Amino acid sequence: MTTLEVKNLAASINGKQILKDVSFTMHGGEIHALMGPNGAGKSTLGYVLIGHPDYVVTHGSIKLDGVELVDKLPEERAKAGLFLAYQTPVAVQGVKLSTFLRMAYNQLHPDSKMKIQDFYDELKRNLNKVGLDETFMSRSVNEGFSGGERKRVEILQMMMLKPRFVILDEIDSGLDVDALKMVAEEIKKYFSDQVGFLIITHYQRILKNIEPGFVHILVDGKVVMEGGNDISLRIEEDGYDWIRGA
Amino acid sequence: MVVEYSREEELERLVHELKTVKTSDWEFHDKDNSVYSTGKGLNKKVVEEISEIKKEPDWMRRLRLKALEIFESKPVPTWGPDLSGIDWENTSYYNRPDERKTNNWDEVPDQIKDTFTKLGIPEMEQKYLAGSVAQYDSEGVYHNLKKVWEDKGVVFMDLDSAVQKYPDLVKDYYCRAVPASDNKFAALNGAVWSGGSFLYVPKGVQIDMPLQTYFRMNGESTGQFEHTIVVADEGSKVHYIEGCTAPRYEKNSLHSAIVEIYVKKNAKARYTSVQNWSKSVYNMPTKRSWVDENANMEWVGGSLGSKVTMLYPSSYLRGPRATASNLNISLAGPGTVKDTGAKAIHLAPYTQSKIVAKSISIEDGKAIYRGLLRVNKGATDAKSRVQCDALLINDESASLTFPHDEIYDPTATFSHEASVGRIGTEELTYLRSRGLTEDEASSMIVLGFLDDVMREIPMEFAVEMNRLIKLEMNKLGAVG
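Respectively, the protein sequence lines represent chains A and B. Taken in order, the first sequence gives residues 33 to 278; the numbers are from this note's numbering. Taken in order, the second sequence gives residues 3 to 482; the numbers are from this note's numbering.
To be clear, the hints were calculated from the coordinates, so they are not data collected in a lab. Among the clues, some could well be false.
Said to hold, decoys possible - Restricting the straight-line Cα-Cα distance to at most 25 Å, the calculated cross-link-like pairs of lysine to any residue (SDA-like) are:
#1 A:K156 with B:L449
#2 A:K213 with A:E268
#3 A:K145 with B:L449
#4 A:K111 with B:S445
If you're wondering where the values come from, they're calculated on a predicted model, not measured in any experiment.
Full structure from sequences and hints, please.
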């Protein structure tokens, strides 16, 4: 079974220590939620997992099926199966979404290349599924997209690129209720015993649609509590103060 | 959408073909092939010798000597990039590769033929071109024009041959748009020019396939001084393409060409050039067009490599409703200064010009836009739009913009837009987190930056530019 194991992870940016001690283990077929108050380091964890070059790992390890990823480049981690749906997806001027996705797909799946027409047909179908029309194919990646459109395109990328471990960073922000339902539906459809999900959020909103089996609470760069979905429900009621106090 | 797929598929197919032609470095060089050289340095004797070797008519010999005087009287320009690295004394101004010129590819000397084959020239000719000329160092070694165009009166050959065969026609156009007195480098060309193309398209003849000249500079410390004349007579249509490469040497070489394009009433001319110089070349051409009533001139240029390039293709809009556009892509790699731009001179009413300049600077590469827009009094209702976009790839990369406007007619409307972007870690990381390598991600961003220009240019050119830029980016290794 595929396993992502994060152990005593600590990381800094510009000399500032953001993550201090993060450990968790997740397997394919599991949905985990990472919750915590603003500024706890949740998004940082996402960036550190995918190897964002601005962050320096000062301690600990990230292992995917036993292979150490800490020294690996972002593209190598993507090839290993990691995928981060950004909280604020980056616009890339002039780079066409369809061209970009096809190139990325060919990099990630060199042994199962698709014919250009088949790839685009699948892209069109998936665009429809996330509620976007076909014109998005020939638009520049995220350029001029609304917040909600960017989030849908992150999910679209997940559907097209077929990663094994998916990190969703505040995927619900910017989405209205109907759009959230639609996106949650696609996430659930993509979920299988081959795929692990780490859902980063500080509201419980998305977790109503996708019930996580495991909840980790991050406060001030440390995982301070772990458990089942009941924790997320209590946070909905009481916020984070009771954890901080604990 | 369906149309879009087919364009992409077509592009992929072309990229594949071009790759199989040869992606190896164009910076290879052959052994010195010249069978004759005038030796180092420039004086009256050298100029007379060149004229004599070419068995030129007396009028041309006199024009050369006059140009030499002008060259000697003009100082090296100092208003732009540093040109002190040009070694005037140690440059050979004329190098002839072989005795013969031929229109039969099989008769081209083997080594020269190999060079052009490596560069993919014969294959291009077969597939895309109505005719081609190949020049090696100072002389044209091959020219060919498909019979159907020859029968319609089209003339396409190296300028030396045209001076012999069509002296009167050449005389009508030679150095009219670019007189030797224009600048020091134009004067130099006037004195020692050799090779270049002469293309004449008769009235009403519309050539649907492009014609191409390929220039290859091989010798070290040599100069290449081709002079090209394109005449699109009334109501005609023509697309002329130039490709240039040179191997890399320790010592600097000089390329100082003249291109004159005459677009007569109701005619359309497009001039496309892909220049891919090695880092030891000073590239100082003067390119100018005269655009008559209701005629249209398009300049499309891609300029990679070189040590210093100074290039400002100009359009003189001489008749009412004449239009010109200028699309230029400059890539300033490490150690390169690209001082490029365009000039639009509006001399008649209802004339229009459009200039789009895109530059990319890598490491300490410096890209400068220098442009001139002039609207003369009486050129009523002239319109002009200038857009300059720069992309910087490293912190030390630089870009400067010097637009210059001289507007003497109050009815003119004109606009300038400029933008500068830097490839950031955020964009690169985002693309890399989806599996692209750093090189792929940065080429993709660079090509994305050029996308709006690429859409407007001929597909073969776009494919070739894409390929060259990818090669250039790959050669640099890690970027960012």
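field: Agreement of K145 of chain A and L449 of chain B with the hint, judged by alpha carbon distance not exceeding 25 Å
entry: Distance of about 23 Å is within 25 Å: holds.
message: K156 of chain A and L449 of chain B were given as a pair; does the straight-line alpha-carbon distance stay at or below 25 Å?
response: holds (24 Å)
query: Is the Cα-Cα distance between K111 of chain A and S445 of chain B 25 Å or less?
result: holds (20 Å)
query: Within 25 Å, alpha carbon to alpha carbon, are K213 of chain A and E268 of chain A?
result: Holds, because 19 Å separates the two Cα atoms, which is no more than 25 Å.
Checked against the numbered hints given earlier, this structure breaks none of them.
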